[in-house]
Amino acid sequence: MKNLSSLGMIMLFTSMTLFGLASITPYNTSCIYALQSFNYDEFREKYQLNRIIFSKLASLLRCGDFTSVYQEIYQKTGKISRLLHVVKASIDKDIFPEIPVLWEINQVYFDSYLFGQYAAMIFSNIKYKINHK
Amino acid sequence: MTKTSLILVLTLFVSITVFGVVFGNHGDSGYNSSGDGYNAIDNPLRTLIITGASHFIKSYSLFQQFLNKIELAELYGVNYDELRGIINDTLANIENARTDYYDFMKLASVTPYNESFIAALEPFDYDGFREKNHLNAIIFSKLAALLKNGDLTGVYQEIYQKTGEISLFLHIVKASVDKDMFPGIPVLWEINQVYFNSYFFGQYAAMVFNEVK
Numbered sequence: 001m002k003n004l005s006s007l008g009m010i011m012l013f014t015s016m017t018l019f020g021l022a023s024i025t026p027y028n029t030s031c032i033y034a035l036q037s038f039n040y041d042e043f044r045e046k047y048q049l050n051r052i053i054f055s056k057l058a059s060l061l062r063c064g065d066f067t068s069v070y071q072e073i074y075q076k077t078g079k080i081s082r083l084l085h086v087v088k089a090s091i092d093k094d095i096f097p098e099i100p101v102l103w104e105i106n107q108v109y110f111d112s113y114l115f116g117q118y119a120a121m122i123f124s125n126i127k128y129k130i131n132h133k
Numbered sequence: 001m002t003k004t005s006l007i008l009v010l011t012l013f014v015s016i017t018v019f020g021v022v023f024g025n026h027g028d029s030g031y032n033s034s035g036d037g038y039n040a041i042d043n044p045l046r047t048l049i050i051t052g053a054s055h056f057i058k059s060y061s062l063f064q065q066f067l068n069k070i071e072l073a074e075l076y077g078v079n080y081d082e083l084r085g086i087i088n089d090t091l092a093n094i095e096n097a098r099t100d101y102y103d104f105m106k107l108a109s110v111t112p113y114n115e116s117f118i119a120a121l122e123p124f125d126y127d128g129f130r131e132k133n134h135l136n137a138i139i140f141s142k143l144a145a146l147l148k149n150g151d152l153t154g155v156y157q158e159i160y161q162k163t164g165e166i167s168l169f170l171h172i173v174k175a176s177v178d179k180d181m182f183p184g185i186p187v188l189w190e191i192n193q194v195y196f197n198s199y200f201f202g203q204y205a206a207m208v209f210n211e212v213k
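First to last, the protein sequences are chains U and G.
If you're matching positions, the first sequence starts at 1 in the working numbering and goes up one per residue.
If you're matching positions, the second sequence starts at 1 in the working numbering and goes up one per residue.
Be aware that one or more of the hints could be misleading.
[Claimed, not checked] Straight-line distance between alpha carbons at most 27 Å, and here's what the computed DSS-like set of lysine-lysine pairs gives:
id, chain 1, residue 1, chain 2, residue 2
1, G, Lys132, U, Lys56
2, G, Lys179, G, Lys69
3, G, Lys142, U, Lys56
4, U, Lys46, G, Lys132
5, G, Lys132, U, Lys76
6, G, Lys58, U, Lys88
7, G, Lys132, G, Lys142
8, G, Lys148, G, Lys106
9, G, Lys106, U, Lys79
10, U, Lys79, G, Lys132
11, U, Lys93, G, Lys69
12, U, Lys46, G, Lys148
13, G, Lys106, G, Lys58
[Claimed, not checked] Which stretches of chain G does chain U cover? Using the computed rule of at least three CB atoms under 8 Å from a CB of chain U, they are:
id, stretch
14, 127-137
15, 198-205
No lab work stands behind these hints, which were simulated from the structure alone.
Each residue gets a CB set at the ideal place from its N, CA and C atoms; glycine is no exception.
Work the whole structure out from these sequences, hints included.
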């Protein structure tokens with residue numbers, strides 16, 4: 001169970017490093033333009049993506065706010081890490097963890113995961129379009 | 001001695017009431033099945049729910065391992081033997097889950113509903129519960145539509161159908177990996193989406209049943 005919290009720390013550290021690096025790297029303007037003109041609604045419909053999670057991502061990308069996507073993931077890793085520490089505190093005392101906390105962790109994990117997956121799907125689509133122009 | 005007995009009883013009480021509440025659990029409360037004790041061994045429907053959930057979660061966990069290897073392939077290369085091993089285990093677990101849910105439905109079809117549990121599902125404040133727990137509205141509304149009509153078996157039928165869908169997709173991935181071919185990323189995204197939707201459908205069911213119970 002020690003691995004549980006160290007994994008959370010690695011996650012947090014990796015996201016922090018990525019976020020820090022992005023903040024000092026200039027945007028690729030053709031990519032930003034492609035993001036602003038991307039048809040998000042059509043993409044969501046085509047791949048039957050989760051509307052709630054996708055709309056949060058789309059609202060950031062429509063403004064060309066690329067770094068905020070990773071900031072969002074970074075913030076979620078912090079929340080997951082805090083919740084994992086709650087579970088760790090129980091396990092360390094040989095106490096069965098609270099099931100609602102596990103449900104909540106699962107929910108945050110999945111929301112963040114799909115947020116990241118949808119971002120990868122859009123970026124991959126845009127990259128393909130730019131490369132095949 | 002009395003203090004020790006009390007601690008033992010409390011420990012036993014805690015351990016028998018907290019287990020099995022992650023995925024689709026407590027649905028057995030909606031059936032008048034034999035053995036209403038806390039132990040799953042007394043109740044074949046409960047046993048099937050727990051083993052089905054265990055296989056489903058294990059399968060999803062293995063699929064994440066697979067995705068992790070795919071994610072790292074760009075940095076460290078691909079080991080197809082390793083991918084084959086993981087995808088075969090993923091498939092075996094989803095097939096086991098499918099068998100458990102099939103057996104559950106078969107048994108449920110000859111087991112009468114627990115009318116008081118079913119009656120409690122209809123007036124349940126689904127919107128209030130969803131709001132309170134910040135649940136995903138799209139997934140929850142599908143579950144609520146079934147439960148409002150008292151269609152308890154329909155919940156497990158839905159999970160059963162999704163395991164079939166996942167299995168079909170996993171076979172596509174297996175076919176690629178068996179030929180030492182890198183699997184199509186869009187298929188992996190789609191599998192993840194189906195897993196996600198099914199997982200939360202099952203988790204939300206467990207949450208509602210736990211509340212109603």
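Going down the list of hints, with the structure as the test:
{"no.": "1", "hint": "G:Lys132 / U:Lys56", "result": "holds, 20 Å"}
{"no.": "2", "hint": "G:Lys179 / G:Lys69", "result": "holds, 17 Å"}
{"no.": "3", "hint": "G:Lys142 / U:Lys56", "result": "holds, 22 Å"}
{"no.": "4", "hint": "U:Lys46 / G:Lys132", "result": "violated, 31 Å"}
{"no.": "5", "hint": "G:Lys132 / U:Lys76", "result": "holds, 20 Å"}
{"no.": "6", "hint": "G:Lys58 / U:Lys88", "result": "holds, 21 Å"}
{"no.": "7", "hint": "G:Lys132 / G:Lys142", "result": "holds, 18 Å"}
{"no.": "8", "hint": "G:Lys148 / G:Lys106", "result": "holds, 22 Å"}
{"no.": "9", "hint": "G:Lys106 / U:Lys79", "result": "violated, 42 Å"}
{"no.": "10", "hint": "U:Lys79 / G:Lys132", "result": "holds, 19 Å"}
{"no.": "11", "hint": "U:Lys93 / G:Lys69", "result": "violated, 34 Å"}
{"no.": "12", "hint": "U:Lys46 / G:Lys148", "result": "violated, 30 Å"}
{"no.": "13", "hint": "G:Lys106 / G:Lys58", "result": "holds, 23 Å"}
{"no.": "14", "hint": "127-137", "result": "holds (count 5)"}
{"no.": "15", "hint": "198-205", "result": "holds (count 3)"}
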